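**Student:** Please construct the entire structure, taking both the sequences and the accompanying hints into account.
There are 6 protein chains.
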Amino acid sequence: MYFYKEDLINIIVPDKPDPAAAKVLQEALGGRFGEMRTMMQFSFQSANFRGKEKQYRDLIRGIFLEEISHVELVQTTINQLLNGSGEPGVGSAGIDDAPLDEAIKHANPHHFIMGAQASLPVDAAGNPWMGNYVYSHGNLVADLLDNLVLESTGVLQKTRIYEMSSNKTFRETLAFLIVRDNAHQNAFAKALETLGVDWGKILPIPNYDINKYPECQKYIDMGFHNAFFNFRLDEHRAGEIFKGVTPSRNNGELRVTDPPTPYPVPDLPEMPNEHSPGLKDLNN
Amino acid sequence: MYFYKEDLINIIVPDKPDPAAAKVLQEALGGRFGEMRTMMQFSFQSANFRGKEKQYRDLIRGIFLEEISHVELVQTTINQLLNGSGEPGVGSAGIDDAPLDEAIKHANPHHFIMGAQASLPVDAAGNPWMGNYVYSHGNLVADLLDNLVLESTGVLQKTRIYEMSSNKTFRETLAFLIVRDNAHQNAFAKALETLGVDWGKILPIPNYDINKYPECQKYIDMGFHNAFFNFRLDEHRAGEIFKGVTPSRNNGELRVTDPPTPYPVPDLPEMPNEHSPGLKDLNN
Amino acid sequence: MYFYKEDLINIIVPDKPDPAAAKVLQEALGGRFGEMRTMMQFSFQSANFRGKEKQYRDLIRGIFLEEISHVELVQTTINQLLNGSGEPGVGSAGIDDAPLDEAIKHANPHHFIMGAQASLPVDAAGNPWMGNYVYSHGNLVADLLDNLVLESTGVLQKTRIYEMSSNKTFRETLAFLIVRDNAHQNAFAKALETLGVDWGKILPIPNYDINKYPECQKYIDMGFHNAFFNFRLDEHRAGEIFKGVTPSRNNGELRVTDPPTPYPVPDLPEMPNEHSPGLKDLNN
Amino acid sequence: MYFYKEDLINIIVPDKPDPAAAKVLQEALGGRFGEMRTMMQFSFQSANFRGKEKQYRDLIRGIFLEEISHVELVQTTINQLLNGSGEPGVGSAGIDDAPLDEAIKHANPHHFIMGAQASLPVDAAGNPWMGNYVYSHGNLVADLLDNLVLESTGVLQKTRIYEMSSNKTFRETLAFLIVRDNAHQNAFAKALETLGVDWGKILPIPNYDINKYPECQKYIDMGFHNAFFNFRLDEHRAGEIFKGVTPSRNNGELRVTDPPTPYPVPDLPEMPNEHSPGLKDLNN
Amino acid sequence: MYFYKEDLINIIVPDKPDPAAAKVLQEALGGRFGEMRTMMQFSFQSANFRGKEKQYRDLIRGIFLEEISHVELVQTTINQLLNGSGEPGVGSAGIDDAPLDEAIKHANPHHFIMGAQASLPVDAAGNPWMGNYVYSHGNLVADLLDNLVLESTGVLQKTRIYEMSSNKTFRETLAFLIVRDNAHQNAFAKALETLGVDWGKILPIPNYDINKYPECQKYIDMGFHNAFFNFRLDEHRAGEIFKGVTPSRNNGELRVTDPPTPYPVPDLPEMPNEHSPGLKDLNN
Amino acid sequence: MYFYKEDLINIIVPDKPDPAAAKVLQEALGGRFGEMRTMMQFSFQSANFRGKEKQYRDLIRGIFLEEISHVELVQTTINQLLNGSGEPGVGSAGIDDAPLDEAIKHANPHHFIMGAQASLPVDAAGNPWMGNYVYSHGNLVADLLDNLVLESTGVLQKTRIYEMSSNKTFRETLAFLIVRDNAHQNAFAKALETLGVDWGKILPIPNYDINKYPECQKYIDMGFHNAFFNFRLDEHRAGEIFKGVTPSRNNGELRVTDPPTPYPVPDLPEMPNEHSPGLKDLNN
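Chains as they are written, first to last, in our numbering: chain F, 52 to 335; chain W, 52 to 335; chain V, 52 to 335; chain G, 52 to 335; chain U, 52 to 335; chain R, 52 to 335.
One or more hints might be untrue.
Just so you know, same-sequence chains aren't split out, so a pair can sit in one copy or run between any two.
[Claimed, not checked] Derived DSS-like pairs (lysine-lysine); straight-line CA-CA distance at most 27 Å:
#1 Lys103 to Lys156
#2 Lys219 to Lys252
#3 Lys156 to Lys219
#4 Lys331 to Lys294
#5 Lys67 to Lys156
#6 Lys294 to Lys103
#7 Lys294 to Lys252
#8 Lys67 to Lys105
#9 Lys263 to Lys103
#10 Lys331 to Lys103
#11 Lys219 to Lys269
#12 Lys331 to Lys105
#13 Lys269 to Lys252
#14 Lys103 to Lys56
#15 Lys252 to Lys263
#16 Lys103 to Lys219
#17 Lys269 to Lys103
#18 Lys156 to Lys263
#19 Lys156 to Lys269
#20 Lys263 to Lys331
#21 Lys252 to Lys331
I should point out that these hints are in silico values taken from the structure, not numbers from a laboratory. None of the values given here were measured: they were computed from a predicted structure.
**Tutor:** Below, the structure is given as structure tokens:
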């Protein structure tokens with residue numbers, strides 16, 4: 052069973068609205084290699100796990116648990132990027148005229164139609180998330196390799212999305228996720244190491260230069276790239292795998308740790324123009 | 052942030068393999084009105100919530116938390132129904148010949164191809180789950196009404212699926228979910244009651260006769276149709292709504308309670324013929 | 052604007068339930084070449100029509116009007132095939148046990164889950180209808196050729212579906228539609244004839260032998276293969292094209308006529324076991 | 052059977068081309084809550100209706116009939132918004148060079164590729180319409196509640212789309228549809244009232260302020276929000292439900308009326324550059 | 052079996068980056084009427100061909116072979132249009148800041164996320180290619196007519212896409228494909244001529260004016276509109292059909308010829324910022 | 052450019068019709084891990100390849116070339132399995148009555164509707180192939196790892212499909228493809244070995260026991276699991292990688308070889324009942 056404490060897994064850094072950034076950040080939420088995919092893929096792989104070597108199942112499930120928080124983090128970041136992007140006065144045609152006419156120009160129009168300037172289960176091109184993104188092969192080696200590709204592509208795509216806006220809200224979340232995807236890459240690579248693979252120097256994939264993504268540095272300094280955050284309320288065996296020298300080239304030491312310092316979930320303001328939440332209307 | 056204790060939210064009653072039942076039960080997992088839909092819909096609605104009346108957000112989020120456990124329960128039930136359905140000897144053509152030839156006749160062949168006889172993010176017709184099933188309207192009344200339709204249809208479809216097999220594993224899970232969907236229906240109906248609606252006698256939808264679904268009775272006796280299981284580790288406000296007389300016709304009293312008695316997650320046996328998990332092979 | 056009189060465009064011949072037939076007949080409703088496709092394709096082509104040669108637009112729109120009735124005819128036929136297929140006693144396991152367990156074996160399970168034994172906007176393989184089936188090219192020659200392919204494939208597929216059951220309800224509707232698709236094929240072929248094409252002896256496509264589909268004969272005798280049913284309440288110009296010798300090999304004469312003799316819409320019985328419509332429950 | 056008179060259900064107000072507005076207006080045609088959805092959902096619900104209480108079926112079917120006209124109205128509005136948007140001279144690079152290079156910048160490129168600047172069965176993000184948008188639950192209460200959500204969301208989304216352009220062609224159609232969705236919301240809410248629900252003050256959803264959408268006022272003045280337009284050529288029973296005091300807060304009186312004053316379907320000019328319709332070419 | 056020589060079927064004319072052009076050119080690759088569709092449609096039709104009249108199968112297969120080269124040509128053209136579009140300095144916010152922020156404004160963001168500025172199996176609106184675009188009817192007349200529509204629409208759409216940018220890389224590839232689609236249209240029209248159809252003056256569809264697409268002229272001068280490029284290494288019978296007077300209005304003579312003069316495949320530069328190919332990183 | 056010789060890459064072993072086997076074999080053609088996926092994935096990866104280390108691109112492209120032949124092999128195998136499955140007399144209801152009524156019971160009905168008993172671009176559950184199956188990451192390590200997962204899953208799924216029928220046509224094609232997927236797995240694993248990975252003993256994935264799939268033995272004896280079939284008509288550099296000791300546990304030697312002995316493409320008989328090809332009808 053699953054439990055919750057109202058905390059975000061990372062900070063939402065304030066900056067100005069940026070609906071174009073919100074559009075492309077959807078890839079990290081509802082894209083083929085986004086957080087909904089990792090969440091659901093690890094959910095299915097852990098529920099479908101066969102056999103007695105449960106240290107592997109506990110590793111996969113542990114990352115599943117963190118991905119639920121990642122989904123919430125990206126949802127919240129997108130909402131923050133959208134907040135205020137369609138306010139009266141932002142529109143080119145004047146206050147009373149068409150407050151969203153500019154906002155939608157480089158945006159996903161569904162952000163302003165389906166909800167009240169809010170996140171969606173879609174990717175950067177507006178395609179809905181699909182169940183066929185999820186692979187649960189049943190064979191452990193195939194599952195681990197697939198997960199390694201998934202987490203590698205997570206880093207790869209996020210470093211590319213990072214180049215699309217210098218908005219601070221946007222980049223802080225991406226930086227945190229890049230470092231955590233690196234950690235999860237280490238987890239699956241290490242699991243394959245226990246089965247006999249020697250990765251040489253190919254990890255992490257891609258071999259990103261930390262200097263290009265300066266927001267990442269503090270997370271590296273805190274050791275987040277080598278940490279397995281423990282969200283279990285009972286005993287588990289993931290630590291039998293996630294320990295010892297990292298399979299990545301930095302020679303760090305892998306360790307199971309407590310979850311990171313929590314951050315508050317920001318309040319989203321009402322949007323009467325979008326009839327959200329619309330309760331005030333009911334009191335007339 | 053989300054936490055986990057390795058417990059199932061309900062029992063898995065043992066019975067013989069039934070791949071045809073596994074196929075149709077997929078609707079309750081990956082169908083348009085299945086548990087993945089409720090889980091993701093309430094995830095988006097709670098993350099996208101606007102305004103200060105957070106008792107409604109906490110109500111939605113609380114049900115989201117339970118739905119994560121429902122997803123795991125249905126995954127596990129499907130796996131149990133599939134276990135052993137393709138063993139040598141089950142096939143019509145003899146032990147060594149084509150062990151799956153009978154199993155796939157009324158089954159979803161993907162259960163035997165994509166994974167090693169395991170659950171999938173698809174519906175009863177084999178269509179992948181899609182992000183466009185999720186509605187997060189931004190307007191609270193619209194969201195609550197939509198959720199009421201969703202939970203009502205959950206009951207409706209599960210009572211129909213119930214007629215498709217008398218397998219005990221299958222029916223026990225359906226019965227539990229019928230009663231819990233009823234409870235969630237009560238939650239959203241009650242929330243609309245706080246905004247002024249009087250439901251008369253139309254609830255629950257459908258007005259199911261408990262005698263037709265005898266496995267439901269014990270859950271009714273335990274009050275599960277009127278309970279809001281609390282999976283929060285901190286304070287929340289859902290109880291401001293989920294209290295008092297039920298909006299359903301049975302005059303019960305709604306109450307926030309602890310989660311139900313947990314049940315162990317069954318072990319899934321290895322399936323060497325399906326190369327799952329395949330670790331033994333590596334030791335040759 | 053569109054008007055309605057509660058009449059079916061053809062008879063529903065009674066026969067016993069046949070859920071396997073209902074499953075494959077879905078192709079004629081929600082398939083890539085089914086009636087929803089023709090209805091929507093001609094709707095878009097007539098609304099998007101450019102220029103002054105409106106005899107072509109009126110031809111396309113006139114067929115659109117008939118297709119709305121075809122959609123209703125196939126929906127009703129599928130419902131008739133499903134009615135009673137899941138009654139208690141039909142199940143292999145006995146009256147009280149699992150009334151749908153046999154019904155779903157060769158059926159689309161969604162017929163018994165999504166609705167109460169009722170038609171769906173899907174094809175014979177259970178895939179949902181998609182907007183990308185609709186082609187409205189803007190160029191008249193391309194549109195007419197595409198429509199000719201569409202109506203030809205309509206006949207082709209229906210003659211193949213015809214072989215899948217000898218149920219009378221099923222075959223009567225197919226026979227009527229085969230003959231009407233032939234008429235619509237004539238309409239688009241004739242329109243291309245006015246632009247200079249001489250079809251030689253290739254029409255109709257396929258060159259079906261009426262003796263293989265005996266239910267077709269009476270419709271041929273009534274001249275339905277050469278008739279353009281007029282559903283317009285005002286003047287129009289389709290008759291400028293649909294006249295003279297047919298482009299098909301039978302040398303018949305094309306003519307605009309009144310709609311065919313109407314048939315009553317059958318009543319669908321209540322299905323309390325499926326909670327449909329469920330009103331009786333509300334009076335308790 | 053279905054009949055047609057070449058009339059539009061509302062006026063097309065002329066204004067200049069606006070391909071960005073055409074793109075977002077597609078939501079009202081091919082979106083999850085657009086007119087194609089309402090048309091097909093009510094088509095399936097009325098054809099699949101079970102039981103003898105046909106006043107409910109006639110109510111649903113009556114709205115289906117109007118939705119066919121709505122589809123045509125939105126198709127026509129989109130075409131009007133696209134007309135001339137890609138003419139030589141509009142392009143930034145000069146008359147002979149690339150007449151569409153500017154037009155496509157904030158547009159759906161398919162408007163200029165699939166057809167000759169014409170409407171499509173897609174939504175505002177370019178996703179094709181899908182059959183899985185249609186819900187026909189079989190249970191009357193579930194169907195009515197679902198329809199209420201559908202019509203509410205219709206209003207909600209259209210008020211949001213309204214903010215995206217001040218183009219008069221665009222806004223007039225949206226205003227008409229907002230008021231009619233309100234009327235249809237009243238219809239389904241009233242039907243639920245006959246089954247015992249008291250809506251209190253939550254209707255309409257959202258509780259939109261008429262002053263924000265000034266084009267709506269004249270439709271309100273004509274009583275379109277309380278009217279059920281009768282497109283039946285025979286007797287029917289919808290008026291047994293649609294009568295008496297509205298369930299919305301304005302205390303108006305519901306009434307079945309004749310269809311509104313018809314408007315002419317505008318002629319769409321030829322587009323030789325897009326080879327549409329292309330007949331002139333054939334006379335060379 | 053299939054063989055390859057590293058040659059492009061046409062030249063890639065250099066010009067500056069144009070990501071907006073790359074986005075719309077995707078229609079010619081992954082659109083409903085693009086080269087992936089023609090390639091796969093003719094692959095299925097030739098493999099599924101029934102009967103002894105193999106001259107028709109060899110005609111279809113011969114065009115399939117050319118389409119594989121077309122796919123490579125469009126992939127390469129898109130890559131050329133993307134190359135350098137996201138380099139540092141192109142961004143509005145300065146060299147170090149967000150090099151892709153401008154590039155994505157009118158682009159498909161997936162071009163910069165999924166791969167390293169590279170082609171994708173999607174259309175101009177970003178929708179993934181789907182197997183349901185492929186029609187293989189089994190009936191030869193239906194297949195030939197469908198192919199004629201397909202190739203006609205190929206020309207039609209490419210002349211419209213041509214208007215969207217004056218980029219030379221973009222237009223040269225479009226011009227070549229327009230002329231080859233014309234040749235393939237001739238092939239299928241001629242095949243239908245052998246079965247008795249006289250096309251009059253309706254071909255080619257659309258009746259495009261060569262003067263509007265000046266890059267086409269040289270391909271016409273080389274006779275590419277009347278040529279069947281022979282990619283077979285053995286004997287075949289396509290020439291039994293593709294011979295004699297063209298069915299198009301220009302009175303040319305159809306002939307089977309050798310493949311055109313080959314062009315080199317351009318080298319794609321490394322993109323370290325996109326971690327592509329990323330080998331250099333591994334040598335640190 | 053691509054060339055063709057009318058040869059199949061492997062034998063089609065005759066056996067009786069088996070439409071249920073045809074249905075599940077579709078997974079190997081149009082499934083997420085089927086031959087269409089490998090063909091298109093390697094097509095995109097080789098066209099999108101960046102940088103000068105072209106030995107990797109030539110390796111990927113070489114496998115792409117073979118996959119085109121695999122697509123044709125599986126199409127042909129499915130056609131062989133379908134041939135004759137719906138002949139008059141096979142039906143349960145007698146010769147003249149409904150020749151397909153039995154055939155469709157465990158089949159994909161689209162095999163008998165869309166074409167004339169012919170292969171389709173769909174998977175074993177009837178879902179159409181989608182472009183989003185194709186991954187072309189741009190980063191070479193990510194691409195190679197993804198390809199390794201893809202080829203491993205190819206083996207894994209084919210060994211599972213193998214259990215679904217003992218039909219010889221079916222099993223021979225599967226056995227050939229299992230061994231070739233193993234060879235391609237070796238190719239990508241070896242490429243990663245050149246970048247520093249040591250696979251230990253985890254390859255091949257899954258570690259299949261040759262004795263369970265006896266048809267594989269002769270292909271192993273011919274060394275097909277260690278061969279790179281060379282379909283290039285010019286020089287290339289794939290052999291710089293595909294050489295030396297295999298990364299799999301059998302210690303074999305990798306080598307570039309000529310293509311295998313070709314086999315004739317079987318003739319598909321006419322099917323007059325399905326109007327295929329339908330030419331005979333035209334001579335009446």
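**Student:** What label fits lysine 103 with lysine 219 when the C-alpha limit is 27 Å: within, between, both, or neither?
**Tutor:** between (45 Å within a copy, 26 Å between copies)
**Student:** What label fits lysine 103 with lysine 56 when the C-alpha limit is 27 Å: within, between, both, or neither?
**Tutor:** between (31 Å within a copy, 18 Å between copies)
**Student:** As a check of your reading, is lysine 331 near lysine 103 (CA-CA no more than 27 Å) within one copy, between copies, both or neither?
**Tutor:** between (56 Å within a copy, 11 Å between copies)
**Student:** Tell me, please, which holds for lysine 263 and lysine 331 at an alpha-carbon limit of 27 Å: within, between, both or neither?
**Tutor:** between (47 Å within a copy, 16 Å between copies)
**Student:** Checking lysine 156 and lysine 219: alpha-carbon separation at most 27 Å within a copy, between copies, both or neither?
**Tutor:** Classified as both; 21 Å inside a copy, 19 Å across copies.
**Student:** At 27 Å max between alpha carbons, let me know whether lysine 156 reaches lysine 269 within a copy, between copies, both or neither.
**Tutor:** Close neither inside one copy (35 Å) nor across copies (31 Å); limit 27 Å.
**Student:** Given identical chains, is lysine 156 near lysine 263, meaning Cα to Cα at most 27 Å, within a copy, between copies, both, or neither?
**Tutor:** Classified as between: cross-chain Cα gap 23 Å, same-chain 29 Å, threshold 27 Å.
**Student:** Up to 27 Å between alpha-carbons, please classify lysine 294 paired with lysine 103: within, between, both or neither.
**Tutor:** within (20 Å within a copy, 38 Å between copies)
**Student:** When no copy is named, should lysine 219 and lysine 252 be tagged within, between, both, or neither for a Cα gap of at most 27 Å?
**Tutor:** neither (32 Å within a copy, 43 Å between copies)
**Student:** Should lysine 219 paired with lysine 269 be assigned to within, between, both, or neither, using CA atoms and 27 Å as the limit?
**Tutor:** within (15 Å within a copy, 47 Å between copies)
**Student:** When Cα atoms must be at most 27 Å apart, do lysine 252 and lysine 331 count as within-copy, between-copy, both, or neither?
**Tutor:** between (59 Å within a copy, 12 Å between copies)
**Student:** Checking lysine 252 and lysine 263: alpha-carbon separation at most 27 Å within a copy, between copies, both or neither?
**Tutor:** within (20 Å within a copy, 37 Å between copies)
In summary, the structure is inconsistent with hints 1, 2, 17, 19 from the numbered list given earlier, while agreeing with the others.
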